[in-house]
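Listed below, chain by chain, are the residues.
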Amino acid sequence: MNNILEAKDLCKTYSAGKDNELNILKNVNLGIKEGEFVSVMGPSGSGKSTLLYNISGMDRLTSGKVIFNENEISSYSEEELSNLRLNKMGFIFQHIHLLKNLNVMDNIILSAYVAKNIVRGEINQKAMELMKKTGIYELKDNDITQASGGQLQRVGICRALINDPDIVFGDEPTGALNSKAAGEIMEILNDINENGTTILLVTHGTKVAAKTERVIFMLDGNIVAEENLGKFKKENNDLKERESHLTNWLLKQGF
Amino acid sequence: MLLKILRKDFIRKKVITIALFIFIMLSALFVSSGSNIIMELMNSLNELFDKSQTPDFVQMHSGELDQNLIIKWSEENELVQEQQTVEMINVERGDFYLPNKKESEIDSVMDLDFVVQNEKFDYLLDLDSEIIEVSKGQIAIPVYYKQNSNINIGDIVKIETENKTLEFDVVAFVRDSQMNTSLVHSKRFVVNDEDYRVIKEIGYDVEYLIEFLLIDSSKIEEFTNKYQESNLPNKGINISQTMFLALNAISDGIIATVVILVSILLCIIAILCLRFTILSTIEEDYREIGVMKAIGIKKKDIRKIYMVKYIAMSLSASITGFILSLFVNKLFTSNIMVYMGSAPKTLLNFISPFVATLVISLIVVLFCRIILRKFNKISAVEALRSGDAGELKVSKKRFILNKNKQIDVNIFIGLKDVFQRSKMFSLLFLVFIISSFIIIVPINFYNTIHSPTFITYMGVGKSDIRIDIQQTDDIEDRYNNVIESIKKDKDVDKYAEYITCQYEMLDNDGAKENINIETGDFTIFPVSYLKGKAPEKENEIALSYLNSSEKEKEVGDKVILVINNQEKEMVVCGVYQDVTNGGLTAKSKIKTDKDSILNYVISLNVKDGIDVKNKVDEYSDEFSSLRVTDIDDYLSQTLENIVDQLKLITIAAVVIAFFVSILITSLFLKMLVAKDNSQIAIMKSLGLSLKDIRKQYITKALLVLDIGIIIGAVLSNTLGEKLVSGLMSFMGAAKIEFVINPLQAYVLCPIALMIVVSITTILSTLAIKKSSIIEMIVE
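Sequence order for the protein chains is A and B.
For the first sequence, the working numbering begins at 1 and goes up steadily by one.
For the second sequence, the working numbering begins at 256 and goes up steadily by one.
Only chain A is shown next, with the shape it has when bound in the complex (with noise of 0.2 Å):
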């Protein structure tokens, strides 16, 4: 299968003072096949989430090249960004970030009310699926502030989804839930999978990753190591042994 997403020679540089140059990214090559769902771990500062943000145009690059659908992305101008996010990729945060003063399903719409793909009927159509899909279709006309972190993560999912993104990218999405939300948030996203969209999150959590496809390890800012898990299928009942498998494996890495 092709590669959806491709990095090569990323360098992300950040001033801090001067002559002190922090390098977070070092020379990072990677390539992400279309409907892979990839996981990369590591420790704290090792560059995971600046690696997902500059992999995703949300931040510039100091130098290397980001290739997305064939297209090298990374000398697009802000404007071209924009209509990337809007169009081709979802974002899912572990802070969820929503907009405050939108209620929960116009948090889930804006997207699509603005990039104006299909008629706004549908769009709400759309919306409700969604909604339905995450159990979340009773909270739709509630404010944020009347949902539960776990119920606000999936308003974030169907956020990213609304407009058929090509990819979906997580930063610890599960980070700030509990076990049992984290895992009905986990099956939310093979699902999506399943359905053909390729995902790459960020995570420090075992459980988490031994449900992804593939496992990407780093470490000061480069890719030291990978483990290619194959597709999760609940229906497989090895969760336990993928688990140990990656824990094992995370041991060999040093984590």
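Honestly, I wouldn't trust all of these hints.
[Stated by the list, open to error] Below, simulated BS3-like cross-link-like pairs (lysine-lysine); rule was C-alpha separation at most 25 Å, straight line:
#: 1; chain 1: B; residue 1: K950; chain 2: A; residue 2: K65
#: 2; chain 1: A; residue 1: K116; chain 2: B; residue 2: K660
#: 3; chain 1: A; residue 1: K88; chain 2: B; residue 2: K263
#: 4; chain 1: B; residue 1: K1024; chain 2: A; residue 2: K65
#: 5; chain 1: B; residue 1: K263; chain 2: A; residue 2: K18
#: 6; chain 1: A; residue 1: K116; chain 2: B; residue 2: K946
#: 7; chain 1: A; residue 1: K88; chain 2: B; residue 2: K1024
#: 8; chain 1: A; residue 1: K116; chain 2: B; residue 2: K263
#: 9; chain 1: B; residue 1: K660; chain 2: A; residue 2: K100
#: 10; chain 1: A; residue 1: K18; chain 2: B; residue 2: K1025
#: 11; chain 1: A; residue 1: K88; chain 2: B; residue 2: K946
#: 12; chain 1: A; residue 1: K116; chain 2: B; residue 2: K925
#: 13; chain 1: A; residue 1: K100; chain 2: B; residue 2: K1025
#: 14; chain 1: B; residue 1: K1025; chain 2: A; residue 2: K88
#: 15; chain 1: B; residue 1: K925; chain 2: A; residue 2: K233
#: 16; chain 1: B; residue 1: K946; chain 2: A; residue 2: K100
#: 17; chain 1: A; residue 1: K132; chain 2: B; residue 2: K660
#: 18; chain 1: A; residue 1: K116; chain 2: B; residue 2: K1024
#: 19; chain 1: A; residue 1: K100; chain 2: B; residue 2: K263
#: 20; chain 1: A; residue 1: K100; chain 2: B; residue 2: K658
#: 21; chain 1: A; residue 1: K100; chain 2: B; residue 2: K1024
#: 22; chain 1: B; residue 1: K925; chain 2: A; residue 2: K132
#: 23; chain 1: A; residue 1: K140; chain 2: B; residue 2: K658
#: 24; chain 1: A; residue 1: K133; chain 2: B; residue 2: K658
#: 25; chain 1: A; residue 1: K126; chain 2: B; residue 2: K263
FYI, nobody ran anything at the bench for these hints, they're computed from the structure.
Chain A is already provided as a structure; the job is to place chain B on it using the hints.
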């Protein structure tokens, strides 16, 4: 410690602190300048009246005069200190040529009165406030012409008749305590005795000013009654020193009032900004305030930290404003300096504006204290728990995006935000109301005073041409000739004759006082009445607004006139507005008493297609000794001073309004963008472009602006009209109805404001580019 806090706060809020400083400073500057104008006006007027030795009482008179009789009466009258009779030659306007002008002064409304310098008092002064002395061939011309016709020393003016041409070198400009202002239609030119005799030989009409200086000026009422009871000459109006004072002070008085009003508006804006700043500071520091409270710091002490900054700022801004005002005062008082001259400064000249500026800083500090009461409501626990002052407590159920079928998403989000955070947007909203108010009111007033219909505020109906026939021995013949001519003229559509007579009226205490009553048919060129209607019966009288308020007579009240020693009871049938003759006139249908006639006025309209200017020239040529004026010229020349000043105010108001709008919009939006940083970053992460987000902010600014403009326009035409009417009521027009140029007031100005606000919004929201979700995550 406090200095450290102040410095840190200043660095953190540089823009808003500077803006606040500017507003308080401007407010202080204007209030200081306004009070300075008042002080200068009072001082200069006193100085002018002092040096001129302005008479306490002047009786104008045309016709025969027995000076011996006046001298005898004055000697016998214990109130009189000094008497003199001034003879004035009324040079025909068609014969007088100003320098650099091919046309004569035929279209001017001013009477050109040639005089010699007075001997005892009522001196005509030059620009150094020295008594003017001119040699043969020289002339001193009224300062009015210096200002309005750009005449310089050394220019030549001439009187040119069929047989004679007299040329005069302009050697000085006349400050005339009686006739300085354009509101007075007579102007005195000073020539040498010898030249005076030559001019007199030409045979122009002669008028007299019978002037009195009193031993005790406060007994003017008693003196006026005595004069009126005597059989001394009285074919003309009489004026007291108080009236001269009022006429001289009116246009600069209006400027002072407007400047002070602008200062009050700026002070209001400063207070609104202050409120916005303090509240957003509290919001930002909410958690810190909670911590301070939790560790036991007293409310009073926390408040002090914030108060110190505003006390320091308001005091320094006020003092800067005061110092700056010392430099700009010249600009505001230049008119006073030219017309009245400067007087030696007293301590009060500095103290009054300084006290006024201190009042501004006191008001600011007082409001700070009131706004900072909000501290009392902050609970330590709540502040620490939420860390959020909870600005978004308004229901979100009103504007639902998924229910919106038509409106563009970004416009919708913009609208929604304004209504949800209406309290926060109130600053911008009030500023836009004030801005449109201070643009529209002067423009409307300027258009009103410029409009031909303003004539109705001068106690005259709207007509094309006005012919004035002043009191002379042959006044009746002249009048009859004009009427004959008009009757024969096929170009004339309609005309009406009005005769002004001077009668006596008994006041509430039974004392007699003079009143000028115009008689004629008031239905041909009707005047609009504030109350009641035009006189229809012989016993009905309509009073001008100032007469009605001064004499405390309303419609239906009775007044007693004394005509030929016979008392005649009249009923007040109407009250109208009139800014002429000091605003003290009346209209009636009583039969005219030939001995009491002061002047005739003939108003006429020409038929459609007839050129008014040509007709004016035709009549001017035919009746060269009369004043024939196009009514528009009559208006513009009478109101020249006020219109000029108003033009200045209008330009200044528009500049201030735009400046304030730009400053506050940019300030407000910068703060808003900073406040909304996280929300903007989220929108950007979702793929909303900078264009999309800017559209939201422009929508917010324009929505607030549009509502502000609508309310501003409504207030301009209600409150603004009342404000202008209040100002003009001192002149005799208490109910001004604005003549609105809808294109200017409702299209051009709002569009200009919208363009300016949109550009400001775009520039102020450049910071949106910097908002990024990455920074939020890092934070």
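Outcome of the hint check:
no.: 1; hint: B:K950 x A:K65; in the structure: violated (32 Å)
no.: 2; hint: A:K116 x B:K660; in the structure: holds (12 Å)
no.: 3; hint: A:K88 x B:K263; in the structure: violated (45 Å)
no.: 4; hint: B:K1024 x A:K65; in the structure: holds (23 Å)
no.: 5; hint: B:K263 x A:K18; in the structure: holds (24 Å)
no.: 6; hint: A:K116 x B:K946; in the structure: holds (15 Å)
no.: 7; hint: A:K88 x B:K1024; in the structure: holds (21 Å)
no.: 8; hint: A:K116 x B:K263; in the structure: violated (47 Å)
no.: 9; hint: B:K660 x A:K100; in the structure: holds (22 Å)
no.: 10; hint: A:K18 x B:K1025; in the structure: holds (22 Å)
no.: 11; hint: A:K88 x B:K946; in the structure: holds (19 Å)
no.: 12; hint: A:K116 x B:K925; in the structure: violated (30 Å)
no.: 13; hint: A:K100 x B:K1025; in the structure: holds (20 Å)
no.: 14; hint: B:K1025 x A:K88; in the structure: holds (23 Å)
no.: 15; hint: B:K925 x A:K233; in the structure: violated (51 Å)
no.: 16; hint: B:K946 x A:K100; in the structure: holds (21 Å)
no.: 17; hint: A:K132 x B:K660; in the structure: holds (23 Å)
no.: 18; hint: A:K116 x B:K1024; in the structure: holds (23 Å)
no.: 19; hint: A:K100 x B:K263; in the structure: violated (31 Å)
no.: 20; hint: A:K100 x B:K658; in the structure: holds (18 Å)
no.: 21; hint: A:K100 x B:K1024; in the structure: holds (20 Å)
no.: 22; hint: B:K925 x A:K132; in the structure: violated (40 Å)
no.: 23; hint: A:K140 x B:K658; in the structure: holds (12 Å)
no.: 24; hint: A:K133 x B:K658; in the structure: holds (22 Å)
no.: 25; hint: A:K126 x B:K263; in the structure: violated (51 Å)
Going through the hint list in order, the structure does not satisfy hints 1, 3, 8, 12, 15, 19, 22 and 25.
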